[in-house]
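Same order as they appear, the protein sequences are chains A and B. Note that our numbering has the first sequence beginning at 1, numbered continuously upward. Note that our numbering has the second sequence beginning at 441, numbered continuously upward.
These are computed hints drawn from the structure, not numbers from a lab. There may be inaccurate statements among the hints.
[Stated by the list, open to error] Mimicking EDC-like on lysine to aspartate or glutamate, the simulated pairs with C-alpha atoms at most 20 Å apart in a straight line are:
| # | chain 1 | residue 1 | chain 2 | residue 2 |
| --- | --- | --- | --- | --- |
| 1 | A | K434 | B | D497 |
| 2 | A | K426 | B | E522 |
| 3 | A | K103 | A | E52 |
| 4 | A | K51 | A | E115 |
| 5 | B | K569 | A | E333 |
| 6 | A | K5 | B | D548 |
| 7 | A | K17 | B | E572 |
| 8 | B | K527 | A | E60 |
| 9 | A | K430 | B | D456 |
| 10 | A | K5 | B | E514 |
| 11 | A | K17 | B | E571 |
| 12 | A | K3 | B | D497 |
| 13 | B | K575 | A | E208 |
| 14 | B | K527 | A | E208 |
| 15 | A | K223 | B | D497 |
| 16 | B | K530 | A | E208 |
As the structure is a prediction and not an experimental result, all values here were calculated from the model.
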Amino acid sequence: MSKLKLIIQREFIARVKNKSFIIMTFLSPLLMIGMGVLIAFLTKKNESKIKEIAYVDSSELFSKKDFKDTKTIKYVDYTKLGLDETKKKVEEGKHFGVLYLPKIDSLEVLAESVEFFSKETPGLSLMTNLEGTVNRKLRNLKMKELGMDEQKIKASKISSDISFLNFSGEKTSKLVNRLKTLTGMVAGILLMMFVMLHGTSVMRSIIEEKTSRIVEIIVSSVKPFQLMMGKIIGNGSAGILQLLMWGVLLFVFSIIASSVFGVDTGAMQNSNISAEQLEVAKSIGVSKVQLMISEIYKLPLLKLLLLFIFYFIGGFMLYSSLFAAIGAAVDNEADSQQFMTPVMMPLMLGLYVGMFTVVNDAHGPIAVFFSHFPLTSPIVMLMRIPFGVAWWEILISMLLLVLTFVLIIWFAAKIYRVGILMYGKKPTYKDLWKWIRYSS
Amino acid sequence: MDNLLEINNVIKRYGDYTALNDVSVHIPKGSVFGLLGPNGAGKTSLIRIINQITMPDSGEIILDGEKLSPHHIEQIGYLPEERGLYKTMKVGEQALYLAQLKGMSRSDAKKKLKYWFEKFDIGDWWNKKLEELSKGMAQKVQFIVTVLHQPKLLIFDEPFSGFDPINAQLIAKEILQLRDEGSTIIFSTHRMESVEEMCDYIALIHKSNKILDGKLNDIKKQYRTNVFEVGLQTENSREVKEQLSQNFEVSPANFKSLHDGLKLNVKLKNSNSTRDLLSFLNSKGEVNHFVELVPSANDIFIQTINKTN
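With the sequences and hints as input, model every part of the structure.
Put into structure tokens, the structure is as follows:
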């Protein structure tokens, strides 16, 4: 068996047998599902509690149908009781709060003078609902005052649905766009997490070899470069195994959870989107939904997957060789901090650019630059690809990544080779530069 | 003499620092070769070059007639000074791993490990994790791993550090036996008492330069001072002492002896021989102590280094 294979095998087994690795593998999906169930449970609980809002309409401008009940809010008319009495009722805890509309003729002044009293501070959604209710009515009244009739106002409501097309005829809808963003984001975050978890485990494994002083025995049998590569590949494969396990376990646990707790976790996760989705679906009709599904299928899924694999592996190798160099340079984990920060920064930057720039302007200069810059390209390019990137751009970015990888692994190997046999001294950047210049 | 390893004019620099300055050492086949020198002299640099962990800037190294190259790794066993094993790995497993890295097949390594584990009476450690063993126990495992693949050349860097006297004795015995079976051994240390006991040849490295090398006995002869420790049972010691100093250089001596009486260090002059001294002493009383003060490796070490400083 080749030595590299032996090292990979040992590193893989050592990592997989590690207790914290095993715990992480099983506990993480369990925690995720557990959180999901908890959130679903609490949401349900929350929804079942209806807040009763009393209103005292001294302005006499509102009618009962202006106060529309929702799932969580129920309006009760207390105009006859008067404000002071109603307030008492609220204080006794019979109602959540009281909305007071004073008697003022000017609509503008009235709009500024509406008050709401409650024992507890109302939540954001309640505030929005109350303000919306009052606004809507007052706006309609104002329009009437300005001479528009109700029919015309209703007729003036238009909802636009622009078809966004590019020149190859691909249609972009808001939903598909959101889906693209999501795909890119998940890929980027996944890579970032993976690098942070398993890149640092490469580093830790090297520090462990240094502190246990076995490293000199090993490098008298194999080349330091082989040892470094073996560690990166071994730890990386353990990471991929963990990722796959998470996928399988998440699936299994969510099935168990939904059958035991009766919670539809799948629907719960999408609850924010699904309301909007439904609205969109309603407004554009069933045929358009079908069209959209077919559009999703038209997304270059295979291309996405292949490029994801490439950037994922490329990004991991690049960063973990940097982590390997750090591990070789220092004696213990505490010392690694000063070198970790500059390595983590481009990673953070990549995610930041991806989340805020690519989403708004996938082909703008910033997104283009950072999707070629090798330290951020694995994340940023993965986020850009769903929006359609020319093949030559991808090719340049991939080439740059590979070239940088070769360069960095060459530097890292130099630092590694010298560093693993240096004990007791916390190196400075100057030392590292000196090590790189040493001949072998 | 047939050399297993020839190091010729090796230079190694780290930046501005020269770790080895034109060092040449020849190591005869089947010998125990002591590589001596103070801390930081360049011993470890030289050993790392022999192990191909680092490469020399210039110079050549010949192992058994061939220029040193990566495939020789399997013919060298190395026990570094900074040594350890994987803490959380089982003893047997990591011994197997390290043996395979030296090019042994798994089954061959297993068979030989069984032999050594039985020899050192540590068979029941196989499934223990290293962190459960004491330091001395771990060192035994390390020794086994170093010699397991039956290398032509064995390099021990401070092999006795961390061993208690009993285990050190055991290891010393094993090292000598390996030499008798045909292995060549490089033995790096700054502890001189073990040098006397083990080494056939030595080289002394100081401040990146080799300042002395050769057969230990020859070097000792070179450093001979012709001083003898003498113990003499006599009635009139003052008179004897005076007579002695006419022909020899005499100084008072202090050594442990069962007898009282005259204790002296006597240095021969060019004109006289050991026989002259002995016959004179015999004529004056009963000689109960007569030892040539041979310089110890330690003396040579200190003397040579002081000379170069």
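Do the hints match the structure? See the list:
1. A:K434 / B:D497: Satisfied, since the Cα-Cα distance of roughly 16 Å is no more than 20 Å.
2. A:K426 / B:E522: Holds, because 18 Å separates the two Cα atoms, which is no more than 20 Å.
3. A:K103 / A:E52: Cα-Cα ~23 Å, so violated.
4. A:K51 / A:E115: With a Cα-Cα distance of about 17 Å, the restraint between K51 (chain A) and E115 (chain A) holds, given a limit of 20 Å.
5. B:K569 / A:E333: 23 Å, violated
6. A:K5 / B:D548: Holds: K5 (chain A) and D548 (chain B) sit about 19 Å apart, inside 20 Å.
7. A:K17 / B:E572: The hint holds at about 18 Å.
8. B:K527 / A:E60: 82 Å, violated
9. A:K430 / B:D456: At roughly 14 Å apart (the allowed maximum being 20 Å), D456 (chain B) and K430 (chain A) satisfy the hint.
10. A:K5 / B:E514: 17 Å, holds
11. A:K17 / B:E571: 16 Å, holds
12. A:K3 / B:D497: 27 Å, violated
13. B:K575 / A:E208: 17 Å, holds
14. B:K527 / A:E208: Roughly 9 Å separates the two Cα atoms, so the pair holds.
15. A:K223 / B:D497: 18 Å, holds
16. B:K530 / A:E208: Satisfied, since the Cα-Cα distance of roughly 16 Å is no more than 20 Å.
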